[in-house]
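Peer 1: Below, each chain spelled out in residue letters.
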Amino acid sequence: MRTFGRHSILVRSAVMLLGSFFLAGAVTISISLAFTSARQHQAATDRLNRLLDTVESTVRIACFVQDEKLADEVAQGLLKNKEVQSVTISSEDGRARRLLSDSRHGLITSGLRLAREVRSPFNAEKVIGRIQVDANTTAIADDIHDEVRFITLEIIGQLVLIALTVVAVMLVFIVRPIKAMSDGLHRMDATKGERLAVPRNHANSEIGRLVHDINGLAGNLVDTLDQERTLRLDKEVEEKKYHSIFENAETGIFIVDQAENLPSWNPAFALLLGIPTNEVYQGTLNIRQLPWENASRIVEMALNCRLDNIGLSDDLAIRLRNGSRRWLSVVLTPVGEDLLQGVVHDVTEHKEAEASARRLSVTDALTGMANRLGLEEELQAMLRDPLIAQTGGFALVLADLDNFRRINEGFGLPTGDAILRGAATRLGRCVKGSDTLARLTDDRFALILQSVTGSEEAGRIAERILASIRKPFPVDDAQIQIHASLGITLYPKDGADIPGLLRNAELALDRAKTMGGNGFVFFDPALTEAAEQRRHQENDLRQAIQNREFRLYFQPIVDLADNRLAGAEALIRWLQPEQGLIPPDAFIPLAEKIGLIDEIGLWVLDAACAQLAGWQAQGLDRYLSVNISAHQIPDGLPPAALADAVRRHGVDPARMALEITEGVLLADVNKALTWIEAAHGLGFRIYLDDFGTGYSSLSYLKRFPVDTIKVDKSFVGDMGEDGGDRTLVEAVVAMARSLGMSVVAEGVETAGQLDLLRAMNCRYGQGYYFSRPVPAEQFEAAAVRIDKMLAGRVEAPA
Amino acid sequence: MSITTTLLLTLCLILLPRARAEADLVVVVNARNGIERLTLDSVINIFMGRYRQLPSGIPAQPVDQPDGRPEKARFYRLLVNKDLAEINAYWARLIFSGRTSPPYQAKSTAEILDRLARQPGAIAYIERNQADPRVRIVLELEH
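Protein chains in written order, with this note's numbering: chain A, 1 to 798; chain B, 1 to 143.
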């Protein structure tokens, strides 16, 4: 139990009570004193007045007759009253004053004096004397003192009683319960669920409510404490987790403050940057002190990161103490409070792989030269070079090996590659060391000739290159000869930008190729015009398909043995609205180049089938041959499309001949063979067109199911003058016969040729001698005329 | 004169003075002492014992009517508006001191007149019709 200290409520209250009671008592007593004194004086005055009243008539008489003795008697009578201390009686009659009596007890001690005029007993208006009484104030004071003392005692008694009551009440109703609560609170452990007990008889009092409130508060506090503890634990776990991640991450993590210092980083970062762990520097490490190759980059990054408040990333190189160079991917992210968080990965391998890939991407694997990308980069670099204006430009040469595909097909890819490498080496010898060599595609090379600005110099170099390539390549035991074509552009004359230069060089190369190869062509604006024209033609050709501008012409083929019309070759014509009729030589190569040949070929097949169906319907025993482009085989005109066409028109495939050229066989022999066999299997006849102009390989004739050979008109036309050609045609006819094939002689223009052919036992003939190609509507007329001619040896029209 | 007339006159005589006496009381002094008039206050002072001296310097010797005479009561009533009991009480208080005394009380009107004649300081009150040449009226007490 604690005692009631100086600051206890009880003691304070008691002190306050006593103080206020003392003050109240003092005030009350002072007021009582004043009142009592006043009252006592008044009472004394009243008593004296009453006393004087009793003696008034006697005094009047004494004064009237100026009787001293009577006055003395009166005075003595008054003095018998202990409150009267002195009495003075005097008379006056208008002239003189006479003291009648002056009696007293001792000295006059107070100022309480009563004086009265004495009037005549017979005339109340007339003053005849004076009586003066001094009161004994000592006696009055004693009275007052007695009374005040009594009041004082009474008040003190009451106040003490009240004070004791108040203290007792406070003790019982306030201090004890509070003390009990206080002691209870001291012993109480709220976290164990303990709560204060309500003091007895205080269930509904303010103390009781206070206890409930305290208990409620304790409950809330305990709950809050619990939540707080849980949160703190969670947070600690979280922090440990993140700390662990931070410490153990293989990624370098660091923080940059506003002064570009690093307050902290993780071990991985220390390892990556080759710096000690965190504690050594205590946040004094500036980001510039790290071994960046270019520290301004990271500082600039940090600055931009702050300015724009966005994350930035970049790959930065560092140079470690051991001299090795590493690439780091650095990501800076603002994380608030002017701090940046940096994340660092070692991307050196990545970078090296990238660089390697990059080298590869600009390098040709076969020759080790630049590839097309490398060439373009080099060109870009040169065009960017401010010195290019001083050196005056350069020459860009495209070189293409003529008919290189045949080498691959004939000798195999390894041989082809060996030749490409050899050609690359030779090209390298033809140019200066500072020039650039590149291989663009299979057999196409590009050369950048530094400081070559004039066509003369370029021409000399071109000649040198051509000569160099022309020398035979020793492959295995063989010597392979090959030519090249060159297209030359001069910068800046022939093009100010890379695509323009390359395009123009290609145009020149194309021209060189079309001129037969083994030569060089300088770019000429006319080439552009031609290309432009070709593009127009392409558009027109596409339009032609849509607008159905193609027509089929038919040239009769005559059976020389039976002297009858055997059939016809269908020949396509383009009825161009502006230019009129255009022969196939003028547009088929273009159609082949731009992929329109497939569509055109299908149309031709369809139209031919329709014509053949017409003849069939008329009971005419004729066959019809159509030209199949090498580009249509095998996918442009699949065997299924062939079968579909004849089925739709109901024609006999045996009456339909497909004319292919030897070029078909050059592309992909196996695929071509498959296609031809499939077509042959469907019943179509296979004609080998233009025989003699190409390789005319006997092995092809044996391998392919060819039904008929068409001898090119150039041989037939020269038969009359050239014995060699006649022999050749004879040989072909003989060979075909031996292989079980027929022969169609093309370009029969004279009766002499006809006779020669008949003499050779050539079965079929075709040419202007019989008829030019005619539209379908004129064909019957031509047929009639040919019949007449064969029957009656009528001269053919000129 | 007839008896009837005499009776009537006697009746008148008996009755008339009585009527007049009620009307007129006068204060008289010795005719020779030279005093012509006295004020009411002077008369009160002399009769009530304040100053026993006449203006001429002669000691005043006031004389009262005998007890039982109506003039005495009337006189004090007129003089100080008091009845005789009050006058007696007044004198009772003064008797012991001996400084003054009540007026001499005569045994009859004749004695009053006699004293007036004999004593120069005598002063008394009588009915007007009782006055004779020896006395002089110095104050008339009337209502």
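Certain hints may be false.
What the hints assert, rightly or not - Listed next, the in silico DSSO-like pairs over lysine-lysine satisfying Cα-Cα at most 27 Å (straight line): (1) K107/B - K82/B; (2) K82/A - K69/A; (3) K126/A - K82/B; (4) K593/A - K671/A; (5) K72/B - K82/B; (6) K713/A - K593/A; (7) K513/A - K713/A; (8) K69/A - K82/B; (9) K126/A - K72/B.
Said to hold, decoys possible - For each label pair, taking beta carbons as the anchor points, the in silico distance ranges come out as: (10) N129/B - N81/A: 49 to 57 Å; (11) D24/B - G77/A: 42 to 50 Å; (12) A85/B - V27/A: 54 to 62 Å; (13) F35/A - P59/B: 19 to 27 Å; (14) A85/B - N81/A: 47 to 55 Å; (15) R113/A - T109/B: 21 to 29 Å; (16) R113/A - I95/B: 30 to 38 Å; (17) A85/B - R113/A: 32 to 40 Å; (18) G77/A - A85/B: 33 to 41 Å; (19) N81/A - I95/B: 23 to 31 Å.
Just so you know, these hints were derived from the structure itself, not from any lab.
None of the values given here were measured: they were computed from a predicted structure.
Using N, Cα and C, we set each Cβ at its ideal position, and we do this for glycine too.
Peer 1: Okay, which hints does this one fail, numbers in order?
Peer 2: Violated hints: 13, 14, 15, 18; rest satisfied.
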